[in-house]
Structures are given as C-alpha cells and as structure tokens.
Amino acid sequence: KAGVTQTPRYLIKTRGQQVTLSCSPISGHRSVSWYQQTPGQGLQFLFEYFSETQRNKGNFPGRFSGRQFSNSRSEMNVSTLELGDSALYLCASSLGGPKNEQFFGPGTRLTVL
Amino acid sequence: QQQVKQSPQSLIVQKGGISIINCAYENTAFDYFPWYQQFPGKGPALLIAIRPDVSEKKEGRFTISFNKSAKQFSLHIMDSQPGDSATYFCAAVGAGNQFYFGTGTSLTVIP
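Going down the list, the sequences are from chains A and B. Under our numbering, residues 1 to 113 are what the first sequence spells out, in order. Under our numbering, residues 1001 to 1111 are what the second sequence spells out, in order.
Some clues are possibly wrong.
With a straight-line Cα cutoff of 27 Å, these simulated DSS-like cross-link-like pairs (lysine-lysine) come out [what the hints assert, rightly or not]: (1) B:K1057 - A:K57; (2) B:K1005 - A:K99; (3) B:K1042 - B:K1068; (4) B:K1068 - A:K99; (5) B:K1015 - B:K1071; (6) A:K99 - B:K1071; (7) B:K1005 - B:K1042; (8) A:K13 - B:K1068; (9) A:K57 - B:K1015; (10) B:K1015 - A:K99; (11) B:K1058 - A:K99.
Chain B stretches covered by chain A per the calculated footprint, using a threshold of three residues with CB under 8 Å from any CB of chain A [what the hints assert, rightly or not]: (12) 1064-1071; (13) 1097-1104.
It is worth saying that the hints were derived from the structure and are not from the lab. Because the structure is a prediction, the values reported are computed rather than measured. Ideal placement from N, C-alpha and C gives every residue a C-beta, glycine not left out.
All chains, full assembly: derive it from the sequences and hints.
Below is the structure:
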C-alpha cells in the first residue's frame, strides 16, 4: 500500500506571496491532518479534514486554510506569506476513527525569503 | 500554550546505554499517549503508544512508563543503538481526536 505523499517536497517563496501544498493520503483513509514543524516548537496542529469537512482547527491565523476533495486528497493554502511561515509542513492521514494511528508524509519544506 | 511539555531537547547516549525522554501534560481529558520517531527527511512514524489504564507498556527495547497521578509519561530505550538516533515526539490525544505533540527530543547514540 502506498504511503502518504506530499507535493512539492521543497518550495521557496517570497514574503507576500501565497502557496498551495498538496497531500495524498493512504488509500481508504478519510482523515487528513496538517502540522507545521519548526525547531523548538515541535509539531503544531493546523487543521484536520474528514470527509471533505474541517473537523478540528488549531490556533493559526486565517491566512492558513485548507480543503479536502471527494477522493480524500487535501490541499493547504497559506496566503500573504511571512518569514515566520518557513517550516516543514507535514500532513498525516488516518482512518478517522478515535485514536486511529496517524501516518505521516515526508513533508514539504517551505522557505520564505 | 504547549499542551504537552517534553524534555530534554537533546540527548546523547553511548551505545548500549538507556535513553530516557520525559513528557508532562495538564489536561486530564487526554486518554491516549503515542510516541513518534522521526528520521531526517522523513515524516514521524508511530513507535509505541499507551492508554492510561496501564502503567507500563513494553515493545522490544522500547518501554513507556505512565504515571497518571503525576500526569507524566516517559519513553525508555534500552540498549540504545546508533540506528536509534532520531528525533522523538511524545503526543497526547483526547476525546476530540486532536493530537497534541511535544517539542521533540533529538537523540544521538554514540558508537
């Protein structure tokens, strides 16, 4: 079974631009969660989508948004990029039930200049 | 506000030694505590997990010790090997199924 895939793997943007990251979950998984990983902060939860609906949301500004498609693929968008948005963005998929294991993709490394 | 506090930030252990990573939480609604292991260039992967109805869980060289009254849990890696060198994250999960991760511990095992 193929794992979680994320595209692109690396991205360089400048301040003020916007970016869209993509995540393809494991086949059969209906939940996709997004995390921001930075040194010293660990993994910060952005949001979770389940069956095309946002089910949980972390404490990030509205510049961070996401969506999920009917095939469970998910996209995350960050508008008006700031230097502090430079991070590794991870997505994780799961079956979506309580305490189901989250399977992480390799992440997208975003650098904002 | 960090829901799960993890220490130490980094750890260096000799091959064959014991690595210990500690985590603490405040929210008593958490009822599932997984540990994830992350190698460079990879996403985190589930290593071992525990529920609060048991005080210890062991899988091979990896053991979770859980102290419900103190709201603390720890990961012990026995006979640490260079291949164990990675970043380890503890997490806590409550009824909402949201995973709260610690800040991570970078483990280096010296041959």
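Going down the list of hints, with the structure as the test:
1. B:K1057 - A:K57: violated (31 Å)
2. B:K1005 - A:K99: holds (20 Å)
3. B:K1042 - B:K1068: It is violated: about 32 Å lies between the C-alpha atoms, which goes past 27 Å.
4. B:K1068 - A:K99: holds (18 Å)
5. B:K1015 - B:K1071: violated (30 Å)
6. A:K99 - B:K1071: holds (19 Å)
7. B:K1005 - B:K1042: holds (23 Å)
8. A:K13 - B:K1068: violated (45 Å)
9. A:K57 - B:K1015: This hinted pair is violated, its Cα atoms lying about 41 Å apart.
10. B:K1015 - A:K99: At roughly 34 Å apart (the allowed maximum being 27 Å), K99 (chain A) and K1015 (chain B) break the hint.
11. B:K1058 - A:K99: Distance of about 19 Å is within 27 Å: holds.
12. 1064-1071: violated (count 0)
13. 1097-1104: This one holds; 8 residues, not fewer than the three required, reach chain A with a Cβ under 8 Å.
Hint compliance for this structure: hints 1, 3, 5, 8, 9, 10 and 12 are broken, all remaining hints hold.
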